[in-house]
Amino acid sequence: MSIKLERINYIYGQGTEMVVHALKDIHIEIKDGEFVGLIGHTGSGKSTLVQHLNGLIKPTEGHIYFDGQDIYAEGYDMKKHRSNVGLVFQYPEHQLFEVDVLSDVCFGPKNLGLKKDEAEAQAKEALALVGMGEQYYKRSPFDLSGGQKRRVAIAGVLAMKPKMLILDEPTAGLDPQGRKEILELISGLRERAGITIVLVSHSMEDVAEYVDRVIVMNKGAVAYDGAPKEVFSHLEELEEMGLAAPEVSYIVHKLREKGLEVETDAITMEEAAKDILAALEARRKGNL
Amino acid sequence: MELEAAISMKESIKSILKTEKLVYEYKQLDEEGNVEGVNRAIDEVDLDVQKGDFVAILGHNGSGKSTLAKHMNAMLFPTGGTVWVDGMDTGKEEHVWEVRQRAGMVFQNPDNQIIGQVVEEDVGFGAENLGVPTEEIWERVEESLRAVGMYEFRKHSPNHLSGGQKQRVSIAGVLAMHPMCIVLDEPTAMLDPRGRKEVIRAARGLNDVEGITVILITHYMDEIIHADKVYVMDQGKIAMQGTPREIFSQVDKLQSLRLDLPQVTLLAHELKKQGLDLPDGILTVDELVEALGL
Amino acid sequence: MIRDITIGQYYQTDSVIHRLDPRVKLAGTIIYIVTLFLVGNIWGYLLATLGLAAVIKLSKVPLGYILRGMKAIGFLLGITVVFNMFLTPGTPIFSFWIFTLTWEGIRTALFMGWRLILLIISASLMTLTTTPNQLTDGMEKALKPLNKLGVPVHEIAMMMSISLRFIPILLEETDKIMKAQIARGADFESGNIIEKAKAMVPLLVPLFISAFRRANDLAMAMESRCYRGGEGRTKMKPLIYKKADKLAYLYLLGFAVITVFVGRL
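Protein chains in written order, with this note's numbering: chain E, 1 to 288; chain R, 1001 to 1294; chain U, 2001 to 2265.
Here chain E stands alone, though its shape is the one from the complex (with noise of 0.2 Å):
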C-alpha cells in the first residue's frame, strides 16, 4: 500500500477576485508502514492536503495513486478509498451524532454496508484499539471528556479498518496530559495494528518525539520532507514560516553559541540531556 501525489495543485474561487492557489506542485509519496508528521501553520495548505488524501477536494491539477491506482480514473470506488484512507478531523464534535457510543462508532461500517453484526463486530475491535472499554458501549457520545470524545471519533474512523489513518490536530485544545495519552495511542495504533499514520500537527514537540518522517508545509507548498532531525536543523526558516522547533533544539543551539561543544541535533530532551553531559564531560577532560 502506498500513496502517491503527483503535481497537484488546487486553486479556487477561480472567476472571482479572490483566486487562492491554496496548493502548489505537491510532490510526495507516503508508502506502507511510515508514521509522517504534517507540518504548517494555520492556512499553510495542510489541511487542504489531507482532504486531498481521501478524496473529499479534487485537485485542479494533478494525480493521486493508490496502490499504483488513480483515485480519480472511471469507475473507481471512492467509497472503497475513503475506508482504505480514514480521515479524523479536528473536532470529535462535527462527527458523534448517535444515542450511544457504539452506534456512533458503527455509522462507517455500516455505510460500507456490513450487516448490523459485522459492523458492531468492527466497532468492537475499533473501540478496544482506543482504549475505550464496554463500560462505555452504551454512554451517550456528548457526555464523554474531551479526551474520550476524540477517542471514540479515532474509533469512528478505525472501525472501517483503514490501511492508513490521517488525524487532522487529533490533539488540539486538550491539556498536556490528554496530549500525550492521545499521542501515545495514536503511535500504539501503527504498532498493534500496522496502520500508517500521518498526524496533522502545528506543534512540533509532538511531533518530533514520535514520527520518522516529518513534511513540513509553507504557503501551499512543501517546504522540507525529511527525518525530523534533519527537518528541525533549519531553526530558523522554521522560525520564519511561524513554526518552532522543539524548544529542545533551541537550548542545544544557544549552549553551542555560548561555546559549549554540544550535539545540534537532539530534538527530545532526553538526547539532549544526554548529549549536554557528553559536552560537558569532553570539556572538563580537556580542562585537565
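Wrong hints could be hidden among the right ones.
Computed far set for chain R versus chain U, every beta-carbon distance over 12 Å [as the list claims (entries may be wrong)]:
{"hint": "1", "residue": "Lys1051"}
{"hint": "2", "residue": "Met1105"}
{"hint": "3", "residue": "Gly1205"}
{"hint": "4", "residue": "Lys1237"}
{"hint": "5", "residue": "Lys1273"}
{"hint": "6", "residue": "Glu1290"}
27 Å max Cα-Cα, derived BS3-like pairs, lysine-lysine [as the list claims (entries may be wrong)]:
{"hint": "7", "chain 1": "R", "residue 1": "Lys1070", "chain 2": "R", "residue 2": "Lys1092"}
{"hint": "8", "chain 1": "E", "residue 1": "Lys138", "chain 2": "R", "residue 2": "Lys1027"}
{"hint": "9", "chain 1": "E", "residue 1": "Lys274", "chain 2": "R", "residue 2": "Lys1253"}
Chain U regions said to be covered by chain R (calculated; three or more residues, Cβ under 8 Å) [as the list claims (entries may be wrong)]:
{"hint": "10", "stretch": "2158-2166"}
{"hint": "11", "stretch": "2228-2237"}
Just so you know, the hints here were simulated from the structure itself, not pulled from any lab data. Beta carbons: idealized from backbone N, C-alpha and C, even for Gly.
Given chain E, put chains R and U in place with the hints provided.
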C-alpha cells in the same frame, strides 16, 4: 517619616479580587431529574489578587479553574464562602453589573464571543451597554484597539480575522469597558502557536503599559513564566501557589497534577538528576546557560 | 459548495444613497411601492421608472449587477405576464381551448410585469445600499413606538443582527460536518427523498448541538459585557437625521405626489 509613608503606601495597594473559603457545588441529576449526587467543583478556595498583578491560574481540564474564573465576574455565584471584586461581594444582586464592569472576561472560543459584524462595533458593545455617551465610546474603542494592536482592522468583518486577532478584538472589547481587571479564561486553548503568542503579548502589554490586573487561566506552562504569582488548581482546590520559579522547581509534583513543564525546566531537572549542580526552577535558556557557567 | 449562497447581499461603495439614514431608505421603499400601486397609466409608469433610474444612478450600483439578481425571479415574472394576458376578459384577439388573448390582457400584463420589475428593483436597491446592521438599526428605531404595545423591538433587532453574524460561521461548520461524515462513508446525494432525509441526521445533530453551544457561549459573553436589554443602552453609531436625509424625504414626497397625480389623470 519615610517608614510611615511606606506603610501607608502599602495599605493603599488594595486587593482587587479576593475569595474566602469559596465553594461551588452543583447537583448531578439522573435521567428522571432526581438528584443523584452533589459535585463540588470548587472546594474552599482562598485567593487574593493585588491591583496591578499578573496572576496565572493553572490546572488540567476539569480541575475547576474555569468554574473559578466564572465566579470572578459574577457569571456564577458561590454556594459557600464569598468573592469580593474591588471590595464588592459578588453574591449581592445589586453588585452584579458593577462587578462585571470591573472584572472583564475573555473566553476560550474566539467565534462565540464576538457580537458585532464589524470589529469596531464589537469593541463598542460593552461600552454601549454601560450607557457611555457616543463620543466617548468612539474614543474608548480607538484606545482599546490601539492597545491590542488591532486598530488598522477596525473596519473589518470579524469573520475574516485569524483566531489570535479575534481574541485580541475580544480583549479590546473588555478594555473599552474600562475594567480594573481582566480575566482571560483559556484564551489560547483553540489557537495555533502564532495566535497564542499574539494573545499573550497583548495580555502582558495591558499589564505592563496600562497597569491593568490580569488573571490568566491556562494549561500552557510557557505562558506563565512572567506572572507575578501562580496558583495551581487540582480537584477544585488550590494545590500549589507561589512565584513561577517556586512552582517550576517542583517538577515531580507538577507532573503528578497532569501538567507539563517548559522543556528547559525539564532539561535542567534531568541534568540535575544526572549529577550536575544546578539550581531548581530554571525557566529560560539564558538561565540555563548561566547556571552551566558558560 | 454550500458557501456560494449569499444572503442579504450588500454592494460596497460610497454614494449619496449609501450614506442616507436607513430609515429614509426604508420609508422611501415603502412609499415608492405604494406609489406604484396607485398609478394607472403609462405616464405614471414612465415617471416612476425615471425616478428609480435616477436613484440607481446616484447609488453607483452597476445596472448589470442589479439585473443579474433579477434572473432568479424571471420565471415568476413570466408566469404572471402569461396569466394576465390570457385570463383578462375583454376584446379578444384570438383564442384556443379555454384561453383567450385580449387587448386588455396585454395591457394589464405589460403594466403588471413592469410594476413587478420596478418593485423588485426598488426593494433590492435598499438591501444593496444598506448593510444588514444599518437595516436592523433602522428598523429598531422606526418601530420603536411598537415598544409601547409590548413588542420587544430591541430584542428582535438584536436577534436579527446576531443571526446575520452567525450565518457564515454555521455555513462553514455545515461544510466541515459534511466532510467529516463523508469521510465515514456517509452519502448525502443519492437515494430517494426518505433516504435523503435520513442521511441528514448525521449532519443535523452535530450542527444543532454546535449551534446551541454557540448560543449558550454567546449569551454568557454578552452578559459578562453587561448586556441587559435595550434599556439604558447608548449607541456607538446612533441614527440621527442629517440635512441630506431631510432633503431626501422632501424629494421623495414631492416625487410620490407628482407621480400619483400624473398616473391617475
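Far enough from chain U: is every CB of that chain over 12 Å from the CB of Glu1290/R?
-> For Glu1290/R, whose nearest Cβ neighbour in chain U is about 43 Å away, the distance exceeds 12 Å, so it holds.
For the pair we were handed, Lys1070/R and Lys1092/R, check the Cα-Cα distance against 27 Å.
-> The hint holds at about 15 Å.
Beyond 12 Å from every Cβ of chain U: is that where the Cβ of Lys1237/R lies?
-> holds, 25 Å
Beyond 12 Å from every chain U Cβ: check whether that's true for Lys1051/R.
-> The assertion about Lys1051/R holds, with a minimum of 21 Å to chain U.
Under the criterion that the straight-line Cα-Cα distance not exceed 27 Å, is the pair Lys138/E, Lys1027/R satisfied?
-> holds, 23 Å
Okay, the stretch 2158-2166 of chain U and chain R, do three or more residues pass the C-beta test at under 8 Å?
-> Answer holds; 4 residues pass the 8 Å Cβ test.
Compute the least Cβ-Cβ separation between Gly1205/R and chain U, then decide whether it is above 12 Å.
-> holds, 21 Å
Going straight from one Cα to the other, do Lys274/E and Lys1253/R come out at no more than 27 Å?
-> holds, 24 Å
Lys1273/R remote from chain U - nearest C-beta pair above 12 Å | holds, 44 Å
Has the stretch 2228-2237 of chain U got at least three residues whose CB is nearer than 8 Å to a CB belonging to chain R?
-> holds (count 7)
Grab the minimum beta-carbon distance between Met1105/R and chain U and tell me whether it stays above 12 Å.
-> violated, 5 Å
Hint violations for this structure: number 2 only, all remaining hints satisfied.
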